[in-house]
Amino acid sequence: MDDQGTLHIIPDLDQLIDERLPCDQSRIISTNYSRMSTLEACYGYKVLMIDFELVNTTTGEQWELYAVAKIVPNKSEIEKSYEIQTTFKKELGLYMTARDSLNKFLKSKGQLNGIEIMPTPFGGRFNIDGSDTMDEHAVLIVSNLKKYGFRRFDKKRGFDLECSNTVLKALAEFHGSALGLKINHPEEFEQNIKNHLTDSHSSRSRHKITRDQMTEVLKEESFSCEVIQKATEIFDRRSIKNSREPWATIIHNNTKVDNILIRFDKYDRPSAVKLIDFRLSEYQSPARDLLHFLFTSVQLDVLESHLDDLIDFYYHTLFNQLQKLDVDTWFFARWSFNEELKVAASQSEFFKTVSTLNATFSSNLDVSKGRVIDPMHRKRLCFLVKEFNRRDWLCL
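For the sequence shown, the tail end lands on 396 under our numbering, and the numbers increase by one without skipping.
Honestly, the hints are just simulated from the structure, not real lab data.
Heads up, the beta-carbon is just placed ideally off N, CA and C, and yes, glycines get one too.
Hints are supplied without guarantee of correctness; some may be wrong.
Stated by the list, open to error - PhoX-like, lysine-lysine: derived pairs with alpha carbons at most 20 Å apart:
#, residue 1, residue 2
1, K219, K379
2, K146, K266
3, K169, K274
4, K107, K324
5, K109, K324
6, K386, K342
7, K156, K379
8, K274, K155
9, K386, K219
10, K147, K274
11, K89, K46
12, K241, K194
13, K266, K147
14, K208, K219
15, K169, K107
16, K274, K146
17, K169, K324
18, K104, K194
19, K147, K46
20, K241, K342
21, K379, K155
22, K146, K46
23, K324, K104
24, K89, K194
25, K169, K109
Stated by the list, open to error - Label pairs and their in silico Cβ distance ranges:
#, residue 1, residue 2, range
26, D129, K219, 56 to 62 Å
27, K107, R334, 28 to 34 Å
28, F264, K208, 41 to 47 Å
29, K379, T57, 54 to 60 Å
30, D24, N113, 17 to 23 Å
31, D236, T329, 35 to 41 Å
32, E190, R151, 35 to 41 Å
33, D51, D236, 44 to 50 Å
34, K379, D199, 30 to 36 Å
35, E190, K109, 18 to 24 Å
36, N338, D212, 28 to 34 Å
37, D212, R334, 35 to 41 Å
38, R371, R20, 47 to 53 Å
39, M376, T133, 43 to 49 Å
Let's have the full structure, built from the sequences with the hints guiding it.
What follows is the structure in structure tokens.
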């Protein structure tokens, strides 16, 4: 444990989390801070682990609560980065408002577990003075998933079939729950969820390099000139903002291995899934999350044998969730979902998936020659292009 005096101490922490403690009779006895490893800090933020010791003031029973806090390193980081301000405000709204709204709706429909895919929030604020301006006291506190048995996976290998189905079930129920709220209570959805889903923007810093590496691989693997041209043109479209009704809902927008943790039961079977990092969440088609997960995060041999099965499983899970939430499913027929897949593939997920694969395998890129040399990177890239072309998803 780090020396407490050398760490960032969060002002008014007790008051910040008091309303969200799992037990109303709980009181904090002690608070211990420690740093997360450099690998687990993210995107300009500092991440601290916070272990709380609490006591039930009625029974005298003592217990522990494990959390992580996402904070901004200093005021200068806020002032120079508009992106930090907008993404932090988005995450804060999704955890502190949208999640509560979805939970309330699901419980009214008899789904007492609520939204299980999001980590439990214990408190958060945009500033300490109640203004509209972000300050250096901005913080978001959520459960420390690793302390509760969740674990990460090798991003270069991905998930096996059993884990993939577990993730897809959680993802489909998440998307379906938000769709159910939108259709049953549109004003509440607009105010408590959609208002927090500001557009995200991808960097252009590696656009040309990634495209050139892709086309070089496709040439070396003897793809036709026609397919290479289509792939290049679709990649150059980048990610188009296109919220199509009635399918548009909250999406995570970055459903890759890095952002997914799974917990296993005593029989070593996947039993729970959590998504982290909602900075990029948008109001878009759920097909975007589905495709990005499948083509970046499922083991290649599983994709080759079970891609259609995985898509079917996701769709039927989402459809069943809509039925449970009293949604008229006529508007969510399979033919309509197939169209969503095609649009999502060509308007965003081809570009995003190629870019994600490039980032995932970047340690094995021959930078001096600009070549993709990792065998799995090449195989996944070729599979992506073949499947998108076979399904007529490489279309302008």
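Report the numbers of all earlier hints that the structure fails to satisfy, in ascending order. Of the numbered hints given earlier, the structure breaks none, since each of them holds.
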